Amino acid sequence: MSRALLWALVPPVWRALPWRALAVGGGLGLLLAASTRLPDSTPSSETGLAVLRMVALFGALGLAFLLDDPARHTTTGVPVRRPLRAGLRLTLVAPFMAAWWTAALFLIPAASRPPAGFLTLEALALAACALALPATAIRFTTETEPGRIAAFWLGITSLAACLVPDKWGLFVAEGTGEWDTAHMRWAVLLGLAAVLWATCLPEPLRRRSVPHFTPTGV
Amino acid sequence: MSTTITRPAPSVTEPAPEPRRTSAVLDLARFEARELLLQVPILVVFGLYIVYAGLRLVTQSGGTDDYPILNQIDRATQAAPLFPAIALLICVNSAALRSRKHHTAQQFEVHPMEPWRRTVAHILSAVPYAALTAVVVAVEYTRETLKPGAIGHGSFGELAVGPLVVLLAGVMGVVLARLLPSPFVPMLFVIVGYLGIVLASGAEAEGHRIGWLSPIIFQDNGGDPVPADLLGRLAGWHALYLAGLCVLLACVAILAAGGRTRAIKAATAIAVAVTAVGAVGQVPDSSALEKARETASKSPEKVQSCARYAGSTYCSFPEWNGVRGEWGEVAARVRAAAGGQAGQTPLTVRQRIDTSGGVESDAFLKPSRTPGQVTVGTRWGGNRVPEFAVAVASVLVAGTEDEAGTMCDARTITVMWLAVGTAPHPLDTFRDVRLDDSISGSAVILAPTEPLTMTTQQTSVVRALLDRPRAEVEARVKAHWTELTSSNTTTAQAAKLLGVEAPKGADDCEE
Chain A
1 MSRALLWALV
11 PPVWRALPWR
21 ALAVGGGLGL
31 LLAASTRLPD
41 STPSSETGLA
51 VLRMVALFGA
61 LGLAFLLDDP
71 ARHTTTGVPV
81 RRPLRAGLRL
91 TLVAPFMAAW
101 WTAALFLIPA
111 ASRPPAGFLT
121 LEALALAACA
131 LALPATAIRF
141 TTETEPGRIA
151 AFWLGITSLA
161 ACLVPDKWGL
171 FVAEGTGEWD
181 TAHMRWAVLL
191 GLAAVLWATC
201 LPEPLRRRSV
211 PHFTPTGV
Chain B
219 MSTTITRPAP
229 SVTEPAPEPR
239 RTSAVLDLAR
249 FEARELLLQV
259 PILVVFGLYI
269 VYAGLRLVTQ
279 SGGTDDYPIL
289 NQIDRATQAA
299 PLFPAIALLI
309 CVNSAALRSR
319 KHHTAQQFEV
329 HPMEPWRRTV
339 AHILSAVPYA
349 ALTAVVVAVE
359 YTRETLKPGA
369 IGHGSFGELA
379 VGPLVVLLAG
389 VMGVVLARLL
399 PSPFVPMLFV
409 IVGYLGIVLA
419 SGAEAEGHRI
429 GWLSPIIFQD
439 NGGDPVPADL
449 LGRLAGWHAL
459 YLAGLCVLLA
469 CVAILAAGGR
479 TRAIKAATAI
489 AVAVTAVGAV
499 GQVPDSSALE
509 KARETASKSP
519 EKVQSCARYA
529 GSTYCSFPEW
539 NGVRGEWGEV
549 AARVRAAAGG
559 QAGQTPLTVR
569 QRIDTSGGVE
579 SDAFLKPSRT
589 PGQVTVGTRW
599 GGNRVPEFAV
609 AVASVLVAGT
619 EDEAGTMCDA
629 RTITVMWLAV
639 GTAPHPLDTF
649 RDVRLDDSIS
659 GSAVILAPTE
669 PLTMTTQQTS
679 VVRALLDRPR
689 AEVEARVKAH
699 WTELTSSNTT
709 TAQAAKLLGV
719 EAPKGADDCE
729 E
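Chains as they are written, first to last, in this note's numbering: chain A, 1 to 218; chain B, 219 to 729.
Same shape as in the complex, but just chain B:
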């Protein structure tokens, strides 16, 4: 009787040592990354993204663009990468489903590389695209920081969001391919995800911190900037959360593909912990934040430092220390043209913000009642410069900003001539500070706080003064300073004192 002897199968070639397997995964990742580059969506959308970023670099209008607020610039790099992220999600997903679509999945089963290693390669193929996004973001941000007028500092956490979102999208593409292998899933997921981001942005705007679980938050960046520490954005923690989420999703995809090694399980546990820490860490201490915002709005002197230039004091939040010199130049220019005591009175220029209606809202600053105090906002450059000159001139003439808002007499003419007549291009500046960009008729004059009003008659006098040689008008202003800064002098009298034709009709301030 013979027994079947079961021998152990002759040992097959031992699995190759770890480094060679790793290099095989890397090779496959490199191949997949190159394949992705040849996909039309990736080519077109990444191309458009780079062209768009390039166009923004070369087409800058000057004005406030010359004084970029870096704590807003870093966030401005976050939204545009969403489009390449969507393209990457779709293409990585279809690359991961390619063998399924072409019915070659069975052939791969005899391949020595396990499915989970191929999954790792697909995940890694997204990394070069995240790196490309990082390069674009870095170039965009560096260009702004190199401007001489750059204000404040950006945050690495905010800058990292764009590239991390692209990476997250790539990883998500693989996860969807492993969990829901269907061609219609990724695009529907994208739309649902977009909807989720919109809802999260809405929730965040209403003050629910849960909104921060969304990878990015859409925000309207148009409002008045505030110091970075008042933003309440813990960008570093959020970036940590995103990075943790990328690793966590990658682990999910690998586990779903059968990669149940101990290292993967450990990585999953660590990723869960990191993501949780990041998610919790990004919630700021709201009471301290509220207090800081209130201090900055109501008693900014506690958090500001001051510097003296040419006899006046300039107080700003620390991030704006660099522009105080330029405020000083404008104030000195206006003061030099003023007569009487005003030429010597020391001014206090104070930077103010108002966060009572939310940070970075277009807040209305109440005019200051303190004599000799001039308000300046957080933006600088462009039209903000003549507006500040108007504020300086109105404090020199009327004593306080509050008083300047109500005046309707010769003083308006003096203020406008001081602010505009001393500017390098008086007529253009005159048009710019008027709300309707006109140079005739009545108008509202923009200022950092409450706007001034000008009647038709006052406008025609100022226009006439701007046509005269500057030195001649300056001499007359200085000679008649007392009358020109008195509330009892009418527009017609002022015109006479300044040697221009008196306009017809009386002032109609209530217009």
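Here chain A stands alone, though its shape is the one from the complex:
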């Protein structure tokens, strides 16, 4: 892959990025993080933890739209393959997301900020899931814009995961005995999602007919 081609690819991919979804998701996240500065008293560390998790979820919901491509079917045949285009999308977005997450971390008052490393792991795992879900949808269905449905499953499983007892859960409270094991689970989740994303990236060689409930799609 020549460098010139890559440079030629940057502007169109840049334009095709779902900036609005990312901006709204990220903006809401930052607003939420900034709200911890509003009260006169420093919020508790539990509040800080809950807020940062919400922020990570907002960012992940924005990222779920990263692979949306209304022109998907017309670009199947172009010489630049899909993994490269998807990789380029992620590369273009990654610095912004990193800066955004750092800003969110610093918006939480230091006294109520949970351990940044652990929370970054959680945010990375959520983001990886947000990328893997639509990638799977693209690999196995004819959907052009899987972001909406991926965001739904990401959001609703996150809400459901809050109800899981700490013993098996992901969203455990800080200072409990389960904190380290839960973060092992987060790391495993991150690895699985990353592998799933990578394996689902290539264009399917043959369009398989998936049992499709309805032509409308969600």
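No lab work stands behind these hints, which were simulated from the structure alone.
Every value quoted in this text rests on a predicted model; they were computed, and no experiment measured them.
All clues given are correct.
Here are the simulated distance ranges between beta carbons: (1) P204(A) x T479(B): 46 to 54 Å; (2) G117(A) x E424(B): 28 to 36 Å; (3) A34(A) x A356(B): 43 to 51 Å; (4) H73(A) x G281(B): 57 to 65 Å; (5) T624(B) x A116(A): 47 to 55 Å; (6) V195(A) x T479(B): 51 to 59 Å; (7) V498(B) x A173(A): 35 to 43 Å; (8) L256(B) x P204(A): 17 to 25 Å; (9) H643(B) x A34(A): 53 to 61 Å.
EDC-like cross-link-like pairs, simulated, lysine to aspartate or glutamate; straight-line CA separation at most 20 Å: (10) K319(B) x E145(A); (11) K509(B) x D447(B); (12) K722(B) x D685(B); (13) K365(B) x E544(B); (14) K714(B) x E690(B); (15) K319(B) x E143(A).
A virtual CB, placed ideally from N, CA and C, is assigned to each residue, including glycine.
Mind docking chain B on chain A? Use the hints.
For chain B alone, coordinates are given in the frame of chain A:
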């Protein structure tokens, strides 16, 4: 010179009369509802919701589940419908945006049905799902009311919240599709909305009534139940507020889609009024409520009624009248095994609550100082039964509950044998009333008010008594009643009187 004569366009076929249009909207609504059913999120989440509700119906552990408090059961049906509500919001939204996504919106413009009528159909397509939720809620609640031990009564307003939240979510999906037509909006809205509910629940818990503007309030239902009128939840008004909000949002969506008919405008005005009335009406009269709570906590006799069974008086809040007979059976069982005067002394069993730390908190009831008065809480069944037996036995032996909390002598053995030895499964009951579920060593004994303490020595004596035939121990207890209820008798002496081996070492109550 010729002039162009503009003739009025030949009149097109007159619009079909109203009923046919209505039926077209209904047909479209039916179609959309069927389409929704085929969406994976709806299928999966509604399926899980129904399975979850079904599992809760079949897996009941007995114990306190046999005596459900209906003013808590009705609220317990509210949280689970949130998940189907989210799925409905997302799917209705994407159905309403379908023509936009497939670039067929222009084709629809030549369709005789106006966009706002299609919007009405989308709104109506959510109704069957709200109805399905209502059926699930009704089944859940009916199953509990049919239990013979069901206590109190639920409120229709509380039961309506679950289905109304599902309907509200469906309507909200259409509103978002009309006002913010973007695929990423609904899920972000859901998370923001969830955050709003959490914040509102927090505000409500701190006593700010503004929290009631949220469709539902997350509450921890684990605390001690109280009579329904002390809850301070004006559920009927809240349901009215939610219903008004559903109609109001539906009107907003229709207006946004161009349905500016007079009827819609009138409906909007009425919906605004109803929502406002509901929102204001759900704020209770807090001073009267505070007074009622204080009366119920400090002088419950003013609001309770009493009944007499077998020589004792049983006073309860009106909703608990049905379980007084069961209290009577337990008290009679314990009294029958007591000797001396205690077998005849009339007891007063009084139900008490404490709302000083907030309603439905796990309050600590102060032991009663009135001689012959036994306290009973608002839960019944399961472990509450032997705990009540302990309270009855301690009042029979020590005179008052207050005195029983401090005793460390033979009386503890008498109390425990009366409470546990007369139960159908003495050893299991003995384990249940001990805080650590042990049957050896020292332990804390659960009671409706202050717990009792048992030393290692007392435990071994009671264990030995439970191994003996009941009639034999009962005869000895009755024969030596005076000594066994005296604070001067030690554990070792009591063991001798009861004919079991005396434990080694003296009592170590300060453990």
